[in-house]
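Student: So the chains spell out like this:
2 protein chains.
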Amino acid sequence: MEIINLKSESTRQKLMDIKNYLRKKKECVDTFLGLYFSSAIVPANLKESMVYSLSAGGKRIRPVLCLAAYEACGGVADDIVPYAAALELIHTYSLIHDDLPAMDDDDLRRGKPTNHKVFGEGMAILAGDGLLTEAFSLLSRGNVSLPAVPPAALLRVVCEAAKGAGIYGMVGGQAQDLLSENEEPDAETLLFIHRCKTAALIASSVRMGGMLACCSDAALSGLTAYGENIGLAFQIVDDILDVEGETEVLGKTAGSDEKKKKMTYPKLYGTERSREKAGELVDGAIEALEIFDEKADPLRAVAQYLLKREN
Amino acid sequence: MEIINLKSESTRQKLMDIKNYLRKKKECVDTFLGLYFSSAIVPANLKESMVYSLSAGGKRIRPVLCLAAYEACGGVADDIVPYAAALELIHTYSLIHDDLPAMDDDDLRRGKPTNHKVFGEGMAILAGDGLLTEAFSLLSRGNVSLPAVPPAALLRVVCEAAKGAGIYGMVGGQAQDLLSENEEPDAETLLFIHRCKTAALIASSVRMGGMLACCSDAALSGLTAYGENIGLAFQIVDDILDVEGETEVLGKTAGSDEKKKKMTYPKLYGTERSREKAGELVDGAIEALEIFDEKADPLRAVAQYLLKREN
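These protein sequence lines are chains A and B, in that order.
The numbering of the first sequence is the numbering used here, which starts it at 381 and goes up by one.
The numbering of the second sequence is the numbering used here, which starts it at 381 and goes up by one.
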């Protein structure tokens with residue numbers, strides 16, 4: 381709970397440290413992804429379309445959370461970068477499909493024109509399909525060149541990714557989000573949407589880090605609670621930023637939730653109460669890491685950082 | 381090569397046998413899929429949309445090939461139905477996405493309005509995404525209730541499915557197909573499209589049957605050659621049926637390749653030479669099964685059957 385207290389000198393240091401940590405881990409993931417796709421021999425437009433969205437920036441939060449959870453369980457992050465990077469393929473696919481005219485119809489993402497604006501809708505759909513499928517290819521080919529994660533653990537990781545990304549997670553949340561446009565917000569539906577649409581894959585990212593380290597059940601429970609809490613907080617902050625942020629800083633069109641009549645936390649609770657809720661969730665996330673030692677400090681700091689992010 | 385010689389009495393019997401075989405295996409897959417989705421608690425429209433396309437009929441050729449390959453290697457098909465059924469989820473997702481206006485823009489599939497015509501484009505995209513992701517969930521959760529397929533074998537199966545369905549397989553083929561519309565057909569591009577778009581996932585289906593049975597390298601080579609041959613033959617027959625078939629029998633709009641200026645075998649080689657090529661491929665497929673005993677008879681018969689299909 382006191383990991384980041386902005387009043388103290390040591391805390392400013394810790395905030396700098398976590399920014400450094402995030403940057404370094406993001407570089408690992410980006411380096412891997414760059415190499416991975418540079419050697420892919422596939423139709424040129426398809427590759428361009430996938431790489432365009434993958435390299436448009438992004439914080440790589442899901443891979444970083446996976447790496448940080450692996451470290452919290454005593455692992456060396458470098459050993460599992462390809463598995464962590466698979467999460468970014470899944471996340472990027474979801475952004476490409478969400479931005480399509482039939483879905484959220486967005487023109488701007490990470491400060492650049494959305495994928496279908498550049499490559500056309502057909503290729504954008506295929507780029508998304510390709511990224512999602514390639515994620516499972518990455519997760520399942522581990523036994524070739526990486527240090528030994530036992531096959532049974534990897535299989536569990538594949539299943540976890542599918543659960544977080546699929547009909548009981550992200551896809552289910554997106555479907556409910558689509559169905560609930562123009563509806564009056566109610567607390568239960570809103571929680572369902574946010575839990576599934578965003579928190580599920582974030583929680584899976586954290587859990588996958590633990591599973592890759594073959595952690596104990598108790599550790600996995602802690603990571604699960606942490607992931608679910610920060611996942612929900614992340615989406616609430618997203619909702620708030622859509623109301624209060626500026627398009628240039630966000631990299632996507634501000635105010636679009638209101639325009640599309642989306643169900644959001646600020647709409648139901650107001651921004652102030654929403655901010656409080658996000659804070660409570662982050663507190664809960666950090667409490668859930670109680671059984672972990674200082675190797676979980678990056679996870680603790682990331683939770684605080686996500687609360688204060690501006691994009 | 382003489383498995384089915386239509387002149388003899390025993391051959392008519394064999395043709396009846398294979399129809400029976402296909403029907404029984406299809407029933408196993410359908411029963412599993414029906415039960416699997418009946419218990420799924422996801423947003424109602426999403427579930428309806430997925431089940432609509434899954435239950436629109438279809439021959440379940442990919443699951444059946446997986447089951448038949450498993451039997452050819454000495455396995456009992458009932459033991460691996462969920463893994464085989466996952467292939468139908470992948471196939472169905474690809475049909476839903478292909479039919480979208482931004483892709484092939486088809487109104488009719490398996491004799492019914494296409495998914496997006498009934499549920500809207502947004503939900504159709506999500507139904508496809510959901511089916512694809514759920515396939516990987518099915519493939520990776522084997523250790524819960526099924527007889528032991530070793531985790532390392534299952535992991536290989538997950539990777540194989542991703543390869544056949546992804547950017548080096550089906551998605552890559554679809555992308556090239558989309559890029560090649562209105563282009564003059566050339567043999568190399570046409571072969572690339574058909575190999576990736578259709579043959580890759582069919583070959584993977586056969587290979588997965590072998591992998592699930594932990595078959596020898598020699599057996600896997602035979603299954604691979606068989607699968608690649610019938611996969612290509614399957615698409616050539618599809619091209620011919622689009623020219624010669626009738627919409628009512630096909631269950632999809634006849635003549636649509638010509639209308640969309642697709643690269644096809646009949647367009648490049650004429651229907652007669654295309655039919656010969658398909659026949660040669662089926663012969664090659666059956667030859668590739670040389671090292672297998674009579675347990676591979678259904679695979680041999682399926683190859684002949686695919687050549688003579690009318691939809």
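Think of the hints as simulated: they come from the structure by calculation, not from any bench.
Keep in mind that a hint or two might mislead.
Okay, the calculated beta carbon distance ranges per label pair [what the hints assert, rightly or not]:
1) A:571 to B:428: 20 to 28 Å
2) B:487 to A:500: 16 to 24 Å
3) B:424 to A:652: 31 to 39 Å
4) B:597 to A:528: 19 to 27 Å
5) A:671 to B:481: 50 to 58 Å
6) B:660 to A:604: 18 to 26 Å
7) B:633 to A:635: 37 to 45 Å
8) A:628 to B:411: 53 to 61 Å
9) B:428 to A:418: 36 to 44 Å
10) B:598 to A:561: 18 to 26 Å
11) B:493 to A:424: 54 to 62 Å
12) A:485 to B:420: 50 to 58 Å
13) A:481 to B:571: 49 to 57 Å
14) B:420 to A:604: 18 to 26 Å
With a straight-line Cα cutoff of 20 Å, these simulated EDC-like cross-link-like pairs (lysine to aspartate or glutamate) come out [claimed, not checked]:
15) B:647 to B:622
16) A:497 to B:622
17) A:497 to B:485
18) A:639 to A:656
Backbone N, C-alpha and C fix where the C-beta goes; we use that ideal spot for every residue, glycine too.
Student: State for each hint whether it applies.
Tutor: Each hint tested on the structure:
no.: 1; hint: A:571 to B:428: 20 to 28 Å; verdict: holds (23 Å)
no.: 2; hint: B:487 to A:500: 16 to 24 Å; verdict: holds (21 Å)
no.: 3; hint: B:424 to A:652: 31 to 39 Å; verdict: holds (34 Å)
no.: 4; hint: B:597 to A:528: 19 to 27 Å; verdict: holds (22 Å)
no.: 5; hint: A:671 to B:481: 50 to 58 Å; verdict: holds (52 Å)
no.: 6; hint: B:660 to A:604: 18 to 26 Å; verdict: violated (56 Å)
no.: 7; hint: B:633 to A:635: 37 to 45 Å; verdict: holds (42 Å)
no.: 8; hint: A:628 to B:411: 53 to 61 Å; verdict: holds (55 Å)
no.: 9; hint: B:428 to A:418: 36 to 44 Å; verdict: holds (42 Å)
no.: 10; hint: B:598 to A:561: 18 to 26 Å; verdict: violated (56 Å)
no.: 11; hint: B:493 to A:424: 54 to 62 Å; verdict: violated (35 Å)
no.: 12; hint: A:485 to B:420: 50 to 58 Å; verdict: violated (28 Å)
no.: 13; hint: A:481 to B:571: 49 to 57 Å; verdict: violated (34 Å)
no.: 14; hint: B:420 to A:604: 18 to 26 Å; verdict: holds (22 Å)
no.: 15; hint: B:647 to B:622; verdict: holds (11 Å)
no.: 16; hint: A:497 to B:622; verdict: violated (32 Å)
no.: 17; hint: A:497 to B:485; verdict: holds (19 Å)
no.: 18; hint: A:639 to A:656; verdict: violated (24 Å)
The earlier numbered hints that this structure contradicts are 6, 10, 11, 12, 13, 16 and 18.
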